[in-house]
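Q: So the chains spell out like this:
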Amino acid sequence: MENRHAARETAKGPDFVDRLVVLPFKKSVEISLQSIRVRFFRSLITTMSLVLAISFLSFVRVSTDVGNGLLSTQDPSLRQALIRTGYDIGPEDTSLESSPKQRWIIILSLLVCVVGIVNAQLMSVTERFREIGTMKCLGALDRFILRLFLLEAGMQGLTGAFVGALAGAFFSLINGLLSFGTIAVTTLLWKEVFLSIIFATGMGFILSLAGVMYPAIVAARMQPVEAMRVEQ
Amino acid sequence: MTDSRNIVRVSKVTKTFQLGKVEVHALQGVDLEIAAGNYISIMGPSGSGKSTLFNMIGGLDKPTSGKVFIDEVDIAQLDAYELAWLRCRKIGYIFQTFNIIQVMTALENVTLPMIFAGLNNSSAVEKGIQLLELVGLGDRFRHKPFELSGGQQQRVAVARALANDPAIILADEPTGNLDLATGEEIIRLLKQLSQEREVTVISATHDIKMLNVSDQVVWIRDGRIDRIEDREELSISVGTIDTRE
Chain D
1 MENRHAARET
11 AKGPDFVDRL
21 VVLPFKKSVE
31 ISLQSIRVRF
41 FRSLITTMSL
51 VLAISFLSFV
61 RVSTDVGNGL
71 LSTQDPSLRQ
81 ALIRTGYDIG
91 PEDTSLESSP
101 KQRWIIILSL
111 LVCVVGIVNA
121 QLMSVTERFR
131 EIGTMKCLGA
141 LDRFILRLFL
151 LEAGMQGLTG
161 AFVGALAGAF
171 FSLINGLLSF
181 GTIAVTTLLW
191 KEVFLSIIFA
201 TGMGFILSLA
211 GVMYPAIVAA
221 RMQPVEAMRV
231 EQ
Chain S
1 MTDSRNIVRV
11 SKVTKTFQLG
21 KVEVHALQGV
31 DLEIAAGNYI
41 SIMGPSGSGK
51 STLFNMIGGL
61 DKPTSGKVFI
71 DEVDIAQLDA
81 YELAWLRCRK
91 IGYIFQTFNI
101 IQVMTALENV
111 TLPMIFAGLN
121 NSSAVEKGIQ
131 LLELVGLGDR
141 FRHKPFELSG
151 GQQQRVAVAR
161 ALANDPAIIL
171 ADEPTGNLDL
181 ATGEEIIRLL
191 KQLSQEREVT
201 VISATHDIKM
211 LNVSDQVVWI
221 RDGRIDRIED
231 REELSISVGT
241 IDTRE
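In the order they appear, the protein sequences are chains D and S. For what it's worth, my numbering labels the leading residue of the first sequence as 1, then goes sequentially. For what it's worth, my numbering labels the leading residue of the second sequence as 1, then goes sequentially.
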């Protein structure tokens with residue numbers, strides 16, 4: 001048994017008791033990436049709803065930025081054009097803010113998206129119960145399982161949100177160009193567009209994590225005895 | 001190293017499951033001592049409490065009363081970290097349904113427990129390939145589970161169980177999903193490895209082929225140990241397990 005005790009010292013750490021079993025971060029990223037790759041098409045569908053919702057968010061925000069850019073020219077004809085195309089501008093407004101109606105629609109679409117993510121992740125946990133139980137039999141701590149699920153959802157969410165944010169911004173710019181011509185783009189503050197994209201991406205990432213939290217905790221708390229029996 | 005220490009000691013263990021209004025007494029007072037280095041088979045009909053006892057010994061479930069000692073350590077007193085350490089380092093598990101992780105290759109499956117144990121990647125890979133060669137899968141370490149037959153998957157499971165040089169291997173119906181010939185191979189492999197590496201093998205099984213290689217057979221019936229037979233006393237005759245004697 002002595003050589004086994006010596007091997008134990010390879011799991012280093014300041015708090016020795018804490019490091020009896022380890023899962024290096026790089027390895028958990030590897031495992032999560034592999035899980036995504038294997039279930040690619042199914043995870044694509046979950047991510048789709050996120051992409052759509054985030055692209056909607058991004059579209060609205062970048063449209064607001066376009067509108068603000070046009071308003072800053074102080075040109076009354078542009079102002080009329082803006083109102084005609086559907087922007088909500090009061091007679092004294094010098095800049096656009098999202099209206100309550102807009103905000104509600106966005107919140108609703110994001111909520112639907114989160115519910116979809118929670119559902120998909122719960123299904124994923126259920127179909128992977130044997131895998132989770134086996135990992136626990138190999139010595140995985142609860143928080144390793146949690147980490148794997150969070151990483152998976154985080155990576156999917158970040159990629160999907162970024163794609164959605166770019167798509168939404170792109171369509172909004174095209175829309176601006178078609179409605180107002182190149183002036184929509186020349187008066188644009190690119191810094192604002194950049195911030196909108198970052199905001200939309202960040203939002204998607206956070207929602208992804210929020211959606212996977214409950215299923216991941218369920219997975220982490222699972223007892224390894226579930227992996228032992230065939231039926232049941 | 002012929003110390004006759006008891007690697008597993010089960011003391012007055014009972015287990016009662018509450019299923020709605022019905023109480024199921026799966027284990028009704030089990031006392032068992034398993035010496036290190038032996039090959040033990042736990043045999044019994046369905047519903048005898050075989051699997052429950054197995055779960056107790058493997059630290060996968062806690063008894064309602066009584067104690068289970070692994071290397072004289074009461075496992076009910078262990079916290080989550082220590083339990084994980086036990087499962088990682090001291091015990092190797094083999095299941096009827098193989099339970100190989102489908103998204104990983106054979107080598108990655110075998111090296112996963114080593115990663116948990118803190119071994120660095122290159123040593124883990126080296127050791128993993130060694131173990132896979134030991135079980136006869138040296139040229140298939142890059143294959144995924146769906147590219148392997150049942151027998152081969154079980155051999156990967158055996159290699160994985162040995163990853164961290166455990167003191168105990170727990171096999172739950174290892175030949176349950178395998179045909180006659182493949183089952184024989186696995187049993188022979190387990191016996192050979194247990195002798196070479198001085199590992200205690202405890203298997204819960206229906207399979208009569210196990211009787212041949214076992215040092216001790218524990219017969220369990222109705223939540224109690226019926227009898228324990230040492231190798232010399234075993235008389236293998238054709239017929240069902242129940243109607244022996």
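Keep in mind the hints are simulated off the structure, nothing from the lab. A few of these clues could be false.
Stated by the list, open to error - Not close to chain S: a few residues of chain D, all C-beta gaps over 10 Å, as computed:
#1 23
#2 27
#3 31
#4 48
#5 111
#6 112
#7 119
#8 133
#9 134
#10 146
#11 147
#12 223
#13 225
To be verified - Some chain S residues close to chain D (C-beta under 8 Å, calculated; not the full set):
#14 60
#15 61
#16 99
#17 118
#18 146
Source: prediction; values computed, not measured. Just so it is clear, CB atoms sit at the ideal spot from N, CA and C, and this is done for glycine as well.
Q: Mind listing which of the numbered hints don't hold for this structure, in increasing order?
A: 1, 2, 3, 8, 9, 12, 13, 18
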